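I would like the entire structure built from these sequences, with the hints used as guidance.
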Amino acid sequence: MNTYDNISIVPPNFQFIGGINDGLTYPLTLNQSSRNYVQGDQNRVLSLQDQYNTERNKNLKFRISSKFQFIMDNNISGTTNFDQFKNNLYYVNPESSVLGTQPWGGYPQYYEFDFFRNDINNSHIDYKPVSAYSYNWSFAITYPHKNVNRNMFWVDNQGFALNFLANNGIPYKIRKRKIKGKPLLVFECPVPHNLSKLNYVLLPVTFNGKNIFPIYSLGDENFESEIYKFTIYDIGYGSTFNEGDLGTFKKVIDPKNVEETTSIYYCREHKVLVTNDDINVVKAGFELNGFNPEKKLEYASLTPNNQKRISIKNATQSYSVISDKDIVITGLTDNNGLPVTKLFHTIINKGYAGYFNKPKIPNQNKGGLKTGWGFNITSGETNTWWQDTNLNAVLPLDVGSYQQSNGLGGGKAGKQGDNGGGVSFTFYYNKPLSKDDTLVGDFCEFNKTTQTEFVISENYHKINFNQSVFSTDIRSEGYYYKPHYEIPVRSFSTYVENFNGSTGIDNLPYWAYYSQNYNKWIWRDLYDPGFIDQDGNGVDYPFSNNANYVFKNFIFKLIPEGSKYKNFTQIIYQPISDDCQ
Amino acid sequence: MIVNKFKLVRDNISKKLTIPLEVKFDPYGRQQMLETYTDEIVQEIINPPVDYEVARFSHEQYALSLTSTNYQFYFFDNSVPIQNVGNNSTYWKNTYTTDFTNDELYYYSNAFTNSFFKLDLYDSRNKEVQKVYLTLILPVQQGKFEPVTLQNGDEVEIRKPNYQLDFIGDKEGYFIYWLKDVEVLGLTEFYMSAKFFNGKTGEFVRLINKPQSTIAGNNSNFNPEDFFYYKVNLNYNNFTYTLSTFNNPFRAGTTMNPIKFYEYVNS
Chain A
1 MNTYDNISIV
11 PPNFQFIGGI
21 NDGLTYPLTL
31 NQSSRNYVQG
41 DQNRVLSLQD
51 QYNTERNKNL
61 KFRISSKFQF
71 IMDNNISGTT
81 NFDQFKNNLY
91 YVNPESSVLG
101 TQPWGGYPQY
111 YEFDFFRNDI
121 NNSHIDYKPV
131 SAYSYNWSFA
141 ITYPHKNVNR
151 NMFWVDNQGF
161 ALNFLANNGI
171 PYKIRKRKIK
181 GKPLLVFECP
191 VPHNLSKLNY
201 VLLPVTFNGK
211 NIFPIYSLGD
221 ENFESEIYKF
231 TIYDIGYGST
241 FNEGDLGTFK
251 KVIDPKNVEE
261 TTSIYYCREH
271 KVLVTNDDIN
281 VVKAGFELNG
291 FNPEKKLEYA
301 SLTPNNQKRI
311 SIKNATQSYS
321 VISDKDIVIT
331 GLTDNNGLPV
341 TKLFHTIINK
351 GYAGYFNKPK
361 IPNQNKGGLK
371 TGWGFNITSG
381 ETNTWWQDTN
391 LNAVLPLDVG
401 SYQQSNGLGG
411 GKAGKQGDNG
421 GGVSFTFYYN
431 KPLSKDDTLV
441 GDFCEFNKTT
451 QTEFVISENY
461 HKINFNQSVF
471 STDIRSEGYY
481 YKPHYEIPVR
491 SFSTYVENFN
501 GSTGIDNLPY
511 WAYYSQNYNK
521 WIWRDLYDPG
531 FIDQDGNGVD
541 YPFSNNANYV
551 FKNFIFKLIP
561 EGSKYKNFTQ
571 IIYQPISDDC
581 Q
Chain B
1 MIVNKFKLVR
11 DNISKKLTIP
21 LEVKFDPYGR
31 QQMLETYTDE
41 IVQEIINPPV
51 DYEVARFSHE
61 QYALSLTSTN
71 YQFYFFDNSV
81 PIQNVGNNST
91 YWKNTYTTDF
101 TNDELYYYSN
111 AFTNSFFKLD
121 LYDSRNKEVQ
131 KVYLTLILPV
141 QQGKFEPVTL
151 QNGDEVEIRK
161 PNYQLDFIGD
171 KEGYFIYWLK
181 DVEVLGLTEF
191 YMSAKFFNGK
201 TGEFVRLINK
211 PQSTIAGNNS
221 NFNPEDFFYY
231 KVNLNYNNFT
241 YTLSTFNNPF
251 RAGTTMNPIK
261 FYEYVNS
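Sequence order for the protein chains is A and B.
Residue numbering for the first sequence is 1 to 581, as defined by the numbering used here.
Residue numbering for the second sequence is 1 to 267, as defined by the numbering used here.
Everything labelled a hint here was simulated from the structure, so no lab data went into it.
It cannot be assumed that every hint is accurate.
Unchecked claim - With a straight-line cut-off of 30 Å between C-alpha atoms, the simulated DSSO-like cross-links for lysine-lysine are: (1) B/180 <-> A/325; (2) A/342 <-> A/256; (3) A/552 <-> B/231; (4) B/180 <-> A/342; (5) B/180 <-> A/58; (6) A/296 <-> B/171; (7) A/146 <-> A/358; (8) A/557 <-> A/146; (9) B/171 <-> A/431; (10) A/128 <-> B/131.
None of these values were measured; they are calculated from a predicted model.
Pasting the structure below:
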């Protein structure tokens, strides 16, 4: 407060004769130049653990490194007229080729598929050491940013086909059965239905004006059938449901609130955060996978160019994939408007050597790869989804190309325009993904009232041999691989929170869903980093240098056409034990 | 602040004056403000997080797509009297055979395999103020080959101190691992000196960037800042490094212009 010590108050009658001693006023101002000292707020107990947790909880910066075990069976052989390929095959029955009774043929060398190429003397691709890890595959880190609808196609084991959209739900086929004397409609699905006995299903048929039906049971007598089959009690639906009917269903949790409790179905669309330029791939030390490598010596007399060398059909090296760039997920929301809790390693085949990836949309130089989902991969005959005529299966990525011709004497390949060998070949490769490029992903289900996403069927890519340069016995033969590998960076709670008050709404998380019918807000909490609940949900990555160090192990499988595909999980559950043991 | 007007009358009688004060500022939020302020103070008091993570720097591409880093080390021929050190630059040879026998080299004797080159990266060329921040070790098991004859007459190939390091093949000492956050120390420029640790004699020798015979003036009493170093620059845009002679901008360490170090002979 200012002081007024120098102010003299002189009444008017003392100042002037006859002055009227009246009307004396004194303006008083209060200026504050300090503030109250609040004792309690000035004390802070410093705890290393608390400070660590505070910094960790606030931090959304991630450094990602993962280890991939590369597993494949190189089992599709063919023949080629391109000398550079022909001179480097893993030969099958070369004695007959020497005698001229069959053309030179065999398997491409393992390094044509591996993450790492070591063929430093390969003049066909003008080998550069800096590109050793990027000739065959391109790496990226992505996150699901949007839900998209896609045309899908399912062929059952009897050859009956169903065209449907991802938004329609999960495909099924009806069987009419009597189980324990009860007439049941058994719905067989090619993918996990993610239903419980308490759920209902929304079907594309109506009975007495209703199209929502309660589930009677899950599965039949077969192992794990509860994942793929559910039943509805046949109360006399008659011709509403017929043996062999195909269709799609949606899960309904509450038949009195169909609008909000019906699951939505979609494909995730991934957006690129980190491109191949910012990802390092290196050999993971001395780690090998559990299979035996296959090598042999190709004798000089049993090769077309009379060169002795070692051929490798299969090998076992593991790799580390490390992002140079830190990933900050602040402000990012996922495909359902929730905070981003998972990132993905996305791997696409580049195939720079040109064995694969002839574009399916040639006028646009796009579509070297095909895409589909797990239920499109069937053992035995190639699933019709993957036929060249199915443009819904084409992945519209940009394709690059270059040309070469056979050199004189069948040795090194000549460049374009080289008239040494006469025959010119065109080689195609997929261009790496750029920042913010998008790519379709898994087929998923999301339910607003449970706030959970469920992966119905994982996305797969297929590479086919370019028959112009490498001719296989069956033209559609190729390899499948899974492009997206999930990296959990945060975790939602297993419980669902809800709130129906009118005050305190400011504290709701922004991702809370408001149910008009239930008149309440619904959401799942985000677990703090380092917290693992009793079900094992949560993430606990090392936190140091003001960043979270994420590490995951993955298996990258290159699945040959026709193999008995089964997607085993990586989790090996511990045996159940009790005190008696 | 505006207050009501009061009239003060001097009548020598003590008066009590009640002043109604209208407070227009709002103490709401002071608690949160204090907590925020306390957090800031705590951050100042304790050590705030510093990013000590390292990144991998590879050799920046040259000649369109080459990435190898090339080192050549030359040792003084021990058969030449050291008083002749200033006479001829051919006294320095790119071979280990000046210090080891062909058999020791071919059979990788312990004396040979325990030897190595040590490249130290300093922040300054001035010995009085410089600090060493990084060290690269080049083991003798890497390098190109040269043909020799063993004692038993066999023609064989042995390693020579001529390195071509790259992403594949010989790569120990190729990558430089240094702080990912440039602001931690603010260093992007280093000066590289080299020593050879000889496992046979247990001694090390210093190496300089040109043969002593080519040094003008007194070739044993020169300014060390001019002859002991090459320069290393880190590029944080693409996590690469470049090598050059310390006093000019031309690239060194390339296939065309490898980094050359010569044994310093104290004559």
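Which numbered conditions among the earlier hints are violated in the structure presented, ordered from lowest to highest?
2, 3, 10
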